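Residues per chain, in single letters:
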Amino acid sequence: MDYFFTEEQQMMREVAREIAEKRIRPVAAEYDESGEFPWPIVEAIAEADLFRVFIPEEYEGMDLGTPVTNMCIVTEELSKACGGIALAFAATGLGTMPLLVAASDEQKKRWLPRIAAGTLAAFALTEANAGSDAGSVQTRAVLDGDHWVINGTKQWITNGGEAEIYTVFCVTDPSKGARGVSTIVVEKGTPGFSFGKKEDKLGIRASATRELVFQDCRVPKENLLGRPGTGFINAMKTFDLSRPGVAAQAVGIAQGALDLAVKYSRERHQFGQPISGFQGLRWMLADMATKVEAARALVYAVARWIDSGQAKRTTTYSAMSKCFAADVAMEVTTNAVQIFGGYGYMKEYPIEKYMRDAKITQIYEGTNQIQRDEIGRGLIAAAAAGE
Amino acid sequence: MKICVCIKQVPATTEVKFDPETNTLVREGVDSQINPFDVYALEEAVRVKERLQKEGEEATVTVLTMGPPQAEQALREAISLGADDAVLLSDRAFRGADTWATSYALAQALRKLQPDLVFCGMQAIDGDTGQVGPGIAVHLDYAQATYVAKIEALDKRKITVRRLVEQGYEVCAVRLPVVMTVVKEINEPRTPSLRGKMNAKKARIPVWKAADIEAPEEKLGLQGSPTQVVKVFSPPHREGGEKWTGEPEELADKLASLLKELEVV
Ligand SMILES: Cc1cc2nc3c(=O)[nH]c(=O)nc-3n(C[C@H](O)[C@H](O)[C@H](O)COP(=O)(O)OP(=O)(O)OC[C@H]3O[C@@H](n4cnc5c(N)ncnc54)[C@H](O)[C@@H]3O)c2cc1C
Ligand SMILES: Cc1cc2nc3c(=O)[nH]c(=O)nc-3n(C[C@H](O)[C@H](O)[C@H](O)COP(=O)(O)OP(=O)(O)OC[C@H]3O[C@@H](n4cnc5c(N)ncnc54)[C@H](O)[C@@H]3O)c2cc1C
Chain G
1 MDYFFTEEQQ MMREVAREIA EKRIRPVAAE YDESGEFPWP IVEAIAEADL
51 FRVFIPEEYE GMDLGTPVTN MCIVTEELSK ACGGIALAFA ATGLGTMPLL
101 VAASDEQKKR WLPRIAAGTL AAFALTEANA GSDAGSVQTR AVLDGDHWVI
151 NGTKQWITNG GEAEIYTVFC VTDPSKGARG VSTIVVEKGT PGFSFGKKED
201 KLGIRASATR ELVFQDCRVP KENLLGRPGT GFINAMKTFD LSRPGVAAQA
251 VGIAQGALDL AVKYSRERHQ FGQPISGFQG LRWMLADMAT KVEAARALVY
301 AVARWIDSGQ AKRTTTYSAM SKCFAADVAM EVTTNAVQIF GGYGYMKEYP
351 IEKYMRDAKI TQIYEGTNQI QRDEIGRGLI AAAAAGE
Chain U
388 MKICVCIKQV PATTEVKFDP ETNTLVREGV DSQINPFDVY ALEEAVRVKE
438 RLQKEGEEAT VTVLTMGPPQ AEQALREAIS LGADDAVLLS DRAFRGADTW
488 ATSYALAQAL RKLQPDLVFC GMQAIDGDTG QVGPGIAVHL DYAQATYVAK
538 IEALDKRKIT VRRLVEQGYE VCAVRLPVVM TVVKEINEPR TPSLRGKMNA
588 KKARIPVWKA ADIEAPEEKL GLQGSPTQVV KVFSPPHREG GEKWTGEPEE
638 LADKLASLLK ELEVV
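Protein sequences, first through last, are from chains G and U.
Numbered per our numbering, the first sequence spans residues 1 to 387.
Numbered per our numbering, the second sequence spans residues 388 to 652.
Just so you know, the hints here were simulated from the structure itself, not pulled from any lab data.
Take these hints with a grain of salt, some might be off.
Label pairs and their in silico Cβ distance ranges [said to hold, decoys possible]: (1) U:588 with G:3: 16 to 24 Å; (2) G:104 with U:445: 34 to 42 Å; (3) U:571 with G:29: 18 to 26 Å.
When the alpha-carbon atoms are kept at most 20 Å apart in a straight line, the in silico SDA-like pairs for lysine to any residue are as follows [said to hold, decoys possible]: (4) G:347 with G:200; (5) U:589 with G:8; (6) U:441 with G:118.
Keep in mind that this is a model prediction, so the values were computed, not measured.
Backbone N, C-alpha and C define an ideal beta-carbon position, used for all residues, glycine too.
Please construct the entire structure, taking both the sequences and the accompanying hints into account.
What follows is the structure, encoded as structure tokens:
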């Protein structure tokens, strides 16, 4: 279906598609197996200007006023070939969003051009005891002269160890709970900032997930984004912008699996005919395709609405896109394995990886339970406000 | 430094069809692509440019093709892959050119462009002669280095290249200006960039005719071509053969006796 993307957005899609098909697909299984970080591909993505699509033009980006839609387009295309490799790109987007949401012009000038050129970023909120309940983070930042001194540990940070620029959520005023959290940018190489071991994961194995360890890590005062105490709000605003990106990753993974399943159904013969000849199987494919298209339609509708600057109750719709697309991805990839039968269960075939990769989209940037919680609260609040 | 790349638009399939009347390629209804070897030539040119620019030197890459008006598409694609600008040589007078007339026309255009480095592919996948690159060098009296697998060094006066030859590699230093033809191992071509694609869309591509390159008609196209392709044909498919099935030992015996019978062994 045609989503009437602008000419530039169509170019972004073509550029991303070529990288996905020529550079990612041939090596996706290798990276999945080794868990190595896909630097050569990240460099290709950077050279192709794709890190520019979510950054404003005055900071050497090329967002052309539609950063969220662009982000979704590129993430979807890359994810069709590998949801894990695509995440090096998408998580940089996530790590950049707090800068877009809260940074001053001067701060933007410091970091955005570097990200536009392909320096990776990461978003560091989660801790061992603060997952869904992100407001209860404990990593502490104390002002000492012109520096913040940070102590604490962040857990499961995507691009951890590989990224140069980290947006870290720290408690600057413990008396205020979630209102005492601030966003501080920490660069790799800062003394007192180190990384834990790389996690061994079910899926998106080409993505690096690490602990960030801060031990008396001193960063300049000017690295705090916005005002002290706005960190939790920054995180929530970031999620409003970034969740459609996770949704796009889910759509890409689902579409990639569906494409392989359709192809396989025409090649595999049983009972003297291709299995695509069985109505029972075609109906499975029909449901899969319908759900993927519905998810895509929702994702781009939400992304466009956010980009329009007119969006109200963004959190509700952003959560809907992420929640729906992630559930679709899990269902579609599971059924794609089913269509491959026993072969689908084997690592020799590409399809089981899609199922493993899909699972994360129901978990990170807020689990799907949390998304439903947000949607439900939004509905009630809207009703109470007489909207 | 001025770098030029000669690219040829070729059918995007290896199953080329010929018009039996004229012995020319049937191009209608066939998708086109940049000759694959020329993509490597372009990539190398863009890399040289980028390296020079990093060192603070000026460098530009201009792509050049001789072909029908629709060859403009190949030039735009080349811009999306990092070329700065492009020239299309297109005129009815160029039609039916053999390798002599093709390299003459390209050489005349290059005379106007005044390059320091000219990159070509090692051969075109349709015509397959591999003569155009060296032909250009001879027409211009430039040095030439064919089958280049690596650029080892480059300064304002000379370039040192590693050539792929039958026995292995040969390293040679060549004075500028030079025409080089490249082999696939020289690099891994990039995919198009977003800025490249936007530039490609905006680019204004001049079309040069015979008069623009100061080329007399008798040296161009069919008229200027000493070679004429008399006949092009595909060799007939080999038919039949025998298929044997059975136990390995049994089959080996059977094969051995057949080979003896045929007096092969
Ligand atoms: C591979 C990977 C990459 C990640 N990358 C990042 C990153 O880059 N940056 C970052 O900050 N974090 C990242 N995370 C962390 C991720 O966002 C959290 O794992 C996620 O938010 C869930 O938190 P938790 O794992 O602590 O689960 P918990 O919060 O412990 O949840 C456990 C279960 O309880 C349910 N639950 C919890 N609260 C409620 C509730 N109120 N109502 C209903 N059910 C509830 C959850 O849905 C879940 O099913 C990553 C995680 C993984 C696995
Ligand atoms: C099947 C076939 C057989 C032919 N046989 C002969 C023959 O035996 N003798 C003969 O003289 N002619 C022949 N021609 C015509 C001739 O090949 C072409 O017209 C032409 O001159 C290019 O030669 P080539 O394709 O062999 O290119 P090659 O010499 O193999 O190409 C080498 C490089 O030169 C450059 N180049 C080639 N053509 C162009 C162009 N039009 N514009 C810009 N750069 C270019 C590219 O960088 C290319 O990689 C034949 C054509 C065909 C299709």
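Pair hint outcome, residue 589 of chain U versus residue 8 of chain G [Cα-Cα no greater than 20 Å]: Cα-Cα ~12 Å, so holds.
Residue 588 of chain U paired with residue 3 of chain G, Cβ distance criterion 16 to 24 Å: 20 Å, holds
Consistency of beta-carbon spacing, residue 29 of chain G to residue 571 of chain U, with hint 18 to 26 Å: The hint (18 to 26 Å, Cβ to Cβ) holds, given that residue 571 of chain U and residue 29 of chain G are roughly 24 Å apart.
Pair hint residue 347 of chain G and residue 200 of chain G, alpha-carbon separation not exceeding 20 Å: 17 Å, holds
Holds or violated: residue 441 of chain U to residue 118 of chain G, with C-alpha atoms at most 20 Å apart: 17 Å, holds
Hint check for residue 445 of chain U and residue 104 of chain G - Cβ pair distance inside 34 to 42 Å: Check passed, 36 Å falls within 34 to 42 Å.
Consistency note: the structure conflicts with none of the earlier hints.
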